[in-house]
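Chains as they are written, first to last, in our numbering: chain C, 1 to 269; chain U, 1 to 269; chain S, 1 to 269.
The set of hints was computed from the structure by calculation and includes no laboratory data. These numbers were taken from a predicted model, which means no experiment stands behind them. Some hints here could point you the wrong way.
Sample of chain S residues with no beta-carbon within 12 Å of chain U, all distances over it, derived [what the hints assert, rightly or not]:
(1) K18
(2) H22
(3) I30
(4) G36
(5) A49
(6) E51
(7) A55
(8) K111
(9) E134
(10) Q160
(11) D263
(12) V267
(13) T268
Simulated pairs of lysine-lysine, DSSO-like, Cα-Cα distance not exceeding 27 Å [as the list claims (entries may be wrong)]:
(14) C:K235 with U:K235
(15) C:K235 with C:K17
(16) U:K184 with C:K235
(17) S:K111 with S:K184
(18) C:K235 with S:K235
Even for Gly, the Cβ is constructed at its ideal location relative to N, Cα and C.
So the chains spell out like this:
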Amino acid sequence: MISTHRLIDLMREVREKKPLLHVITNRVAINDSANGALAVGASPIMAEAHEEVEAIAAISGALELNIGNLTPYSIQSMLLSGRAANQAGVPVVLDPVGAGATDFRLNTVQKLLSELDIAIIRGNAGEIAALAGESWGAKGVDAGEGEGDVLAMADRVARQWHTVVAVSGAVDTITDGRQAYRVKNGHPLFPFMTGSGCLNGVIQAAYAAVSQNYLEASVAASVNYAIAGQLAGEKCAGPGAFRQKLMDELYLLDEEKVQRYADIEEVTV
Amino acid sequence: MISTHRLIDLMREVREKKPLLHVITNRVAINDSANGALAVGASPIMAEAHEEVEAIAAISGALELNIGNLTPYSIQSMLLSGRAANQAGVPVVLDPVGAGATDFRLNTVQKLLSELDIAIIRGNAGEIAALAGESWGAKGVDAGEGEGDVLAMADRVARQWHTVVAVSGAVDTITDGRQAYRVKNGHPLFPFMTGSGCLNGVIQAAYAAVSQNYLEASVAASVNYAIAGQLAGEKCAGPGAFRQKLMDELYLLDEEKVQRYADIEEVTV
Amino acid sequence: MISTHRLIDLMREVREKKPLLHVITNRVAINDSANGALAVGASPIMAEAHEEVEAIAAISGALELNIGNLTPYSIQSMLLSGRAANQAGVPVVLDPVGAGATDFRLNTVQKLLSELDIAIIRGNAGEIAALAGESWGAKGVDAGEGEGDVLAMADRVARQWHTVVAVSGAVDTITDGRQAYRVKNGHPLFPFMTGSGCLNGVIQAAYAAVSQNYLEASVAASVNYAIAGQLAGEKCAGPGAFRQKLMDELYLLDEEKVQRYADIEEVTV
């Protein structure tokens, strides 16, 4: 069981080390992803040019790859930066946005998983179901609702690719295929903020930059993000206010709040 | 005359059906467009890759094409997705951003109109004037001020392309060339929110996804958006607050508010 | 010494002339840059297509080039628009985002400086240090902390390229290599808003569009932006609220506030 103290230590380490995060992401989420990374204490750089992605990935604390707006150019950016990160020992986080929406996305995710070592996969249940080869009622890039067992799917993906899988939802499920956790913080306004899952992936990268135990890093990132959303949502009537207050709460999160609100449990794989 | 009850029914249908909206739009407006689509109850996907746009358009409730940041690549994305939508009977909404600013934009809009069946064109007066071949004091992508008769211009464009034309402004004008409506809700802060017209186009698409009567759909979308803006603006000192509250009001709009505030009139073409 | 009256006159001129600003910028900052330009009274157009950038640059009040997300395509957009602007006598503002982060960025900036006449370079201390050939503790696109003499570096860059250099930071330094000013307004939340430096560059362009004295224009823009940030920050607990209130304060800035808060001093070069 990961202690609340450990979660707090990692939150502090992100703020103290201010890791450089190399983020290749979609045009919808790019601004919130950068602001959210700054709010938790990291230093984001959203570079995609083939001429520079290898150099940047190699000196970063972590690399985050998000397939929300793929182009042939950006796929190549991801492969170049991913290989450079792997070679330099920089952890890579993958966000398979809408993996089940088209063959093109699923094939791209599988190519990235085959060619790169991925530390953490962060997706919603529909996306993880696509990776697990299960049918699911996903709708475009939204999670949708399915009947499958989320933990069983996540475990299978984790074991297949030797990675941590973080499934976001009303309850988050995080597993490395041997140990698993559930994080029960969060708020119903999250799905009304476009790119809220993408920002989650960036925060996973911030924590992967400060702990080589990626299961622990992923749980800590999930708790950080979900508590901030919970505190933001309690003060909001709608998604416009939520988006603003989420950034404030990420910035204002402190030891006392994590101590008081963290709601996690270990579950049997 | 479209009844307020019908407007309310359509608002509910968007929320119940949660139509998948395929949106190809500019980088400025893309985030607000996705958030606004979620706020009214739709499920947006902003895909542009040639490998997947046909597949996504064909299964969407509506396709929205916005020419705000054209590239040769995105023009091809629009043609591919537009043809797939037409073939599948999926309505297409076109937003001719800055159509009068350069020959390149006007030519592109005319190419899209010639090759695709468009259900609704949503533009400001300067943009519709460009399509009608009239001079107008437009400035870049902003509406500018002109002396022309907005309804006459809109009617001409509607008849030429067999489409509904929705002209946004202090008063919105919506026509199919035979019947026309004015929507008088709105707020003076709208032009200070970049991409506010683009989001209007996305909401037109959300309503086109639930009613094959595109004139009715366009009036309902215009009323929905304009009332939300009016209620947001009344609470705001400036455009930063407006942008946030607009999202909240889109999310919070309900039957009672539409009943109370809808200010539309039928006008003689 | 530039008088407060002159700063106020320029602020009014931006609002009265509503200059068209052609902005080629990165995907992170593009939305805030457009909204901020509207808030100070300008009319932004974010065009990048090779087919139209020359035509738009030539009729604009100013052109702003920001290298935050370079691609081979956007570099060509910058060269085409920059040459057209130079030929038409339209001032060009350059924002060398992350110039020290990679050789690719530094080479691109030097190419732009060699081929174009630049009216104002707007960067943080790390970026200006890179142009001056000095080492600096920059981190990706963030300013970092260095030991160099900011004014000496800025002067050198200004004289080398016959341009005004505006260095943003806790205190802004603006120089043309002969005369220099410091602007002491601002707020510690600025670095937590991604693209806040990029928006500064756009506001520099808005002022360059109304005064051919680019030193004066740059000081006025810096004061406008820094006072708005100061007033916004005083009302905010975190960066989410700051971003919104900054837009409001840019829109609400008036003569009285500039009179009351402007904190500038001339410094000896």
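Now the hints, each set against the structure:
no.	hint	result
1	K18	7 Å, violated
2	H22	8 Å, violated
3	I30	5 Å, violated
4	G36	9 Å, violated
5	A49	5 Å, violated
6	E51	4 Å, violated
7	A55	5 Å, violated
8	K111	22 Å, holds
9	E134	34 Å, holds
10	Q160	33 Å, holds
11	D263	23 Å, holds
12	V267	33 Å, holds
13	T268	38 Å, holds
14	C:K235 with U:K235	17 Å, holds
15	C:K235 with C:K17	31 Å, violated
16	U:K184 with C:K235	32 Å, violated
17	S:K111 with S:K184	32 Å, violated
18	C:K235 with S:K235	17 Å, holds
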